[in-house]
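Asks: As they're listed, the protein sequences go chains A and B.
Going by our numbering, the residue at position 94 of the first sequence is 94; the numbering climbs one at a time, nothing skipped.
Going by our numbering, the residue at position 173 of the second sequence is 173; the numbering climbs one at a time, nothing skipped.
Derived by calculation from the structure, the hints in this document are not laboratory data.
Some hints could be false.
Calculated pairs, DSBU-like style, for lysine-lysine (alpha carbon to alpha carbon, straight line, at most 35 Å) [claimed, not checked]:
| hint | chain 1 | residue 1 | chain 2 | residue 2 |
| --- | --- | --- | --- | --- |
| 1 | A | Lys-189 | B | Lys-68 |
| 2 | A | Lys-66 | A | Lys-189 |
| 3 | A | Lys-66 | B | Lys-68 |
| 4 | A | Lys-134 | B | Lys-47 |
| 5 | B | Lys-68 | A | Lys-116 |
Not the full set, but computed from the structure, chain B residues with beta-carbon under 7 Å of chain A [claimed, not checked]:
| hint | residue |
| --- | --- |
| 6 | Gly-23 |
| 7 | Glu-67 |
| 8 | Leu-89 |
Here a beta-carbon is modelled for each residue, glycine too, at the ideal position from N, C-alpha and C.
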Amino acid sequence: MKRPLRFVSAAAALAVAIAAPARAHMTPPVALASERDAVTRLLSGSSRYFVREVRLSPAGKDAIRKRTGWSADADYYRFYVGRGTDGATIASAVLLTDFTIHGPVRAAVALAPDGKVKGVLLVEVTEETYSWVKPLLDSGFLQRFVGSDAASAAKSVAGVENAMARFYAGVIAGLVGRAAALYEVAISKGP
Amino acid sequence: MRGVHLSGLPLSAKVFCTLFLAGIGCGSLAAFAQASTAVGISPSAVKASLAPEMPMTALAHGQMTAEKEIELGQIPSAADRVWMRTPLLIQTSHTHLFGQTLIAGLLALIFAFSGLRESIKCVIGALPFAGTLLDIGGMWGTRFLSPSLSLLVIAGGSLFALGYVLISLLSVHELWFRKETLA
Chain A
1 MKRPLRFVSA AAALAVAIAA PARAHMTPPV ALASERDAVT RLLSGSSRYF
51 VREVRLSPAG KDAIRKRTGW SADADYYRFY VGRGTDGATI ASAVLLTDFT
101 IHGPVRAAVA LAPDGKVKGV LLVEVTEETY SWVKPLLDSG FLQRFVGSDA
151 ASAAKSVAGV ENAMARFYAG VIAGLVGRAA ALYEVAISKG P
Chain B
1 MRGVHLSGLP LSAKVFCTLF LAGIGCGSLA AFAQASTAVG ISPSAVKASL
51 APEMPMTALA HGQMTAEKEI ELGQIPSAAD RVWMRTPLLI QTSHTHLFGQ
101 TLIAGLLALI FAFSGLRESI KCVIGALPFA GTLLDIGGMW GTRFLSPSLS
151 LLVIAGGSLF ALGYVLISLL SVHELWFRKE TLA
C-alpha cells in the first residue's frame with residue numbers, strides 16, 4: 001500500500017505546485033457592450049450604416065508610429081461609418097484592443113468627420129481590470145475625450161489618483177489616441 | 001500494478017479515489033457549461049470564436065480600401081461570447097495543458113492499478129491525454145491553419161470526456177464491486 005500512496009502524494013504535491021502560479025494569470029473577460037451596441041450608440045443619429053475596411057501603407061504605419069508609438073500591424077482596420085439621409089458622414093467608429101498584463105482592454109471610439117473624438121465606449125476588460133476601470137466609468141472619465149484628437153487624448157489622464165486606475169486611464173487614453181491617429185491617416189488622408 | 005489492484009486498496013484509498021473521480025466529474029460538468037456559454041460546443045461556434053476575423057467588405061489581397069453599406073444587424077452582437085484572440089489563446093492553452101494533463105495523469109495513475117489487461121489500460125488511460133492535445137491543438141489549427149479544424153476541438157473534448165467516463169466507471173466498479181484477487 002505504501003508505494004501507490006507515495007505516487008498519489010507526489011502527484012498531488014505536483015498539482016498544488018503548478019496550480020499556485022496559475023492563479024496569477026489573466027482573469028476571464030468582462031464584456032461591457034457588444035460591438036453592435038457600441039456602434040449603435042456611438043453613431044446615433046445616423047440613418048445609414050457603412051463598413052469601411054482599410055489597409056495602411058508603410059508610410060501610414062510609420063506616421064501612426066511616430067504620432068502614438070503604436071505599431072499598427074493588423075492586416076486591415078475596420079471603421080463603421082454612420083451617414084445621414086443626405087449621405088453626409090455623421091461619425092465613424094473603430095474598435096481597438098490593447099493587451100495589458102491583466103488581459104485585453106477593448107474600446108470603441110467614434111470620430112467626427114473633422115477627426116475629433118465624438119464618443120468613447122469601453123467594450124471589454126477582464127474581471128480583475130474591471131475593479132480598477134469601474135470607478136473611471138462611474139466618474140464619467142470617458143466623456144473627457146470628447147473633442148480631443150490624437151495629440152490631446154493623452155492629457156485626459158490628469159487628475160486620476162488611484163495608481164491602477166491611472167494606469168488604465170492611460171491605456172484607454174492610448175486607445176483613443178490610436179483611434180484618432182488611425183482615422184486621420186487612414187480616412188482623412190487616405191491609406 | 002505489481003500485485004496491487006484497486007479492489008485491494010484500503011478503505012481510505014478507495015474513498016479518496018472515488019471522491020477524486022467524483023470531483024473531476026463535477027469539474028468537467030462545470031467546464032462543459034462554461035465552454036457552452038462562453039464559446040459554444042458546435043464546430044461553427046468554435047470557428048466563430050477562434051478563426052481569424054474576415055473582412056466584411058470585398059477587401060481583396062493588396063487592395064487598400066473597400067466600403068459597403070450594412071444593416072446594424074450585420075454587426076456582431078454576442079457580448080456574452082468570447083472572441084479568442086491570440087494572447088487569450090496562449091493563456092488558455094498553457095493553463096489547460098497544465099491543468100488537463102495533470103487531471104489526465106491522476107486519472108491514469110488511478111487506472112494504472114486496475115486489474116484490466118495492460119493493453120486495455122494503455123488505450124483507455126491515454127484517451128484524456130490524447131483528447132487534451134487534440135483539443136488545444138485544434139484551437140491553434142482553427143486559428144492559424146484552417147477554420148475547418150474547429151471540429152478537432154469538439155473531438156478532443158469528447159475524447160477527454162469519453163476517457164474520463166470509462167476510467168471512472170471501470171475504476172469505481174473495481175474499487176467497490178469487485179472482490180480482491182491475488183495477483
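Asks: Classify the hint on B/Gly-23 as holds or violated, based on whether any CB of chain A lies nearer than 7 Å to its CB.
Replies: The hint is violated - B/Gly-23 has no Cβ within 7 Å of chain A, the shortest such distance being about 12 Å.
Asks: Holds or violated: the hint that B/Leu-89 contacts chain A, with Cβ atoms closer than 7 Å.
Replies: Since chain A brings no Cβ nearer than about 12 Å to B/Leu-89, farther than 7 Å, the hint is violated.
Asks: For the pair supplied as a hint, A/Lys-66 and A/Lys-189, confirm whether the alpha-carbon distance does not exceed 35 Å.
Replies: Since the Cα atoms of A/Lys-66 and A/Lys-189 sit roughly 16 Å apart, the hinted pair holds (cutoff 35 Å).
Asks: Next item in the hint list is B/Glu-67. Is there a CB on chain A closer than 7 Å to its CB?
Replies: Holds, because the Cβ-Cβ distance from B/Glu-67 to chain A comes to roughly 4 Å (cut-off 7 Å).
Asks: When you check the alpha-carbon spacing of A/Lys-189 and B/Lys-68, does it fall within 35 Å?
Replies: holds (19 Å)
Asks: Do the alpha carbons of B/Lys-68 and A/Lys-116 lie within 35 Å of each other, as the hint requires?
Replies: Within the cut-off at roughly 24 Å; holds.
Asks: Are the Cα atoms of A/Lys-66 and B/Lys-68 separated by 35 Å or less?
Replies: Roughly 31 Å between the alpha carbons, so the hint for A/Lys-66 and B/Lys-68 holds.
Asks: Between A/Lys-134 and B/Lys-47, is the straight-line Cα distance small enough, at 35 Å or below?
Replies: holds (32 Å)
Figure legend: structure checked against the earlier numbered hints; hints not met, in rising order: 6 and 8.
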